[in-house]
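K.L.:
Build out the structure end to end from the sequences listed, making use of the hints.
Read off the chains here:
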Amino acid sequence: DAKTTQPPSMDCAEGRAANLPCNHSTISGNEYVYWYRQIHSQGPQYIIHGLKNNETNEMASLIITEDRKSSTLILPHATLRDTAVYYCIVRVEPTDSWGKLQFGAGTQVVVTP
Amino acid sequence: DGGITQSPKYLFRKEGQNVTLSCEQNLNHDAMYWYRQDPGQGLRLIYYSQIVNDFQKGDIAEGYSVSREKKESFPLTVTSAQKNPTAFYLCASSISSDSYEQYFGPGTRLTVT
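Residue numbers (the working numbering), protein chains in the order written: chain A, 779 to 891; chain B, 112 to 224.
Since the hints were made in silico from the structure, they are not lab data.
Be a bit skeptical, because a hint or two may be false.
[As the list claims (entries may be wrong)] Pairs of lysine-lysine residues, derived as DSS-like cross-links and limited to a Cα-Cα distance of at most 25 Å, are as follows:
#, chain 1, residue 1, chain 2, residue 2
1, A, Lys781, A, Lys847
2, A, Lys781, A, Lys830
3, B, Lys194, B, Lys168
4, A, Lys878, B, Lys168
5, A, Lys878, B, Lys182
6, A, Lys847, A, Lys830
7, A, Lys781, B, Lys120
8, B, Lys181, B, Lys125
9, A, Lys878, A, Lys830
10, B, Lys181, A, Lys878
11, B, Lys181, B, Lys120
12, B, Lys168, B, Lys181
[Stated by the list, open to error] So these bits of chain A aren't anywhere near chain B, every CB distance computed over 12 Å:
#, residue
13, Arg794
14, Asn797
15, Pro799
16, Ser803
17, Ser806
18, Gln816
19, Gln820
20, Thr834
21, Pro854
22, Arg859
23, Arg869
24, Lys878
For each residue, glycine too, the CB sits at the ideal point set by N, CA and C.
P.N.:
In structure tokens form, the structure reads like this:
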């Protein structure tokens, strides 16, 4: 069963901010939200993760709502190289105590000149 | 440079043949993973290994086998029992099985005819 819901695609103009939404209404209190991206025909790349506070690094910002049922990944100044599929993942914590990443279909982001 | 290598990038086999995909990492990571990706879909976990000489089935292990005799190597064998082996195969590693970031290799695209 799906843990996250993302729009299948979105476009963004180069130089503008890209705001990628993700719904995770069934998230548990100890589950983190992770974002990865996958450029065509390459392996995925970690972007950022968070529990309940907003996070920022050199690639992006992650905004998590207070009820933790949704989040937004922000690419502050999108470039053509940001064209990729972006995956929002809620980290599963099964009883055997290891964290598995469950990848859905993601959002295809196309940055246009 | 530290990283994960997968070889070859493209692999072609006849139906009924077993084939082994290579995955090597020099990151000194304990955990390693194999994922499968079909066109337009997210990644699905085949097998994972938390430590040398130990590995566990993921969500779609049927028709696949692995070994973990060395820390840096985690080869995947696609057997003739796998009904739909044509796919993009991705290997990943992480410092430990509960670390937040998985590092992915470039992938091997397997075509079986």
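K.L.:
Among all the numbered hints in the text so far, which are the ones the structure does not match?
P.N.:
Hint check: 7, 8, 18, 19, 23, 24 fail, others pass.
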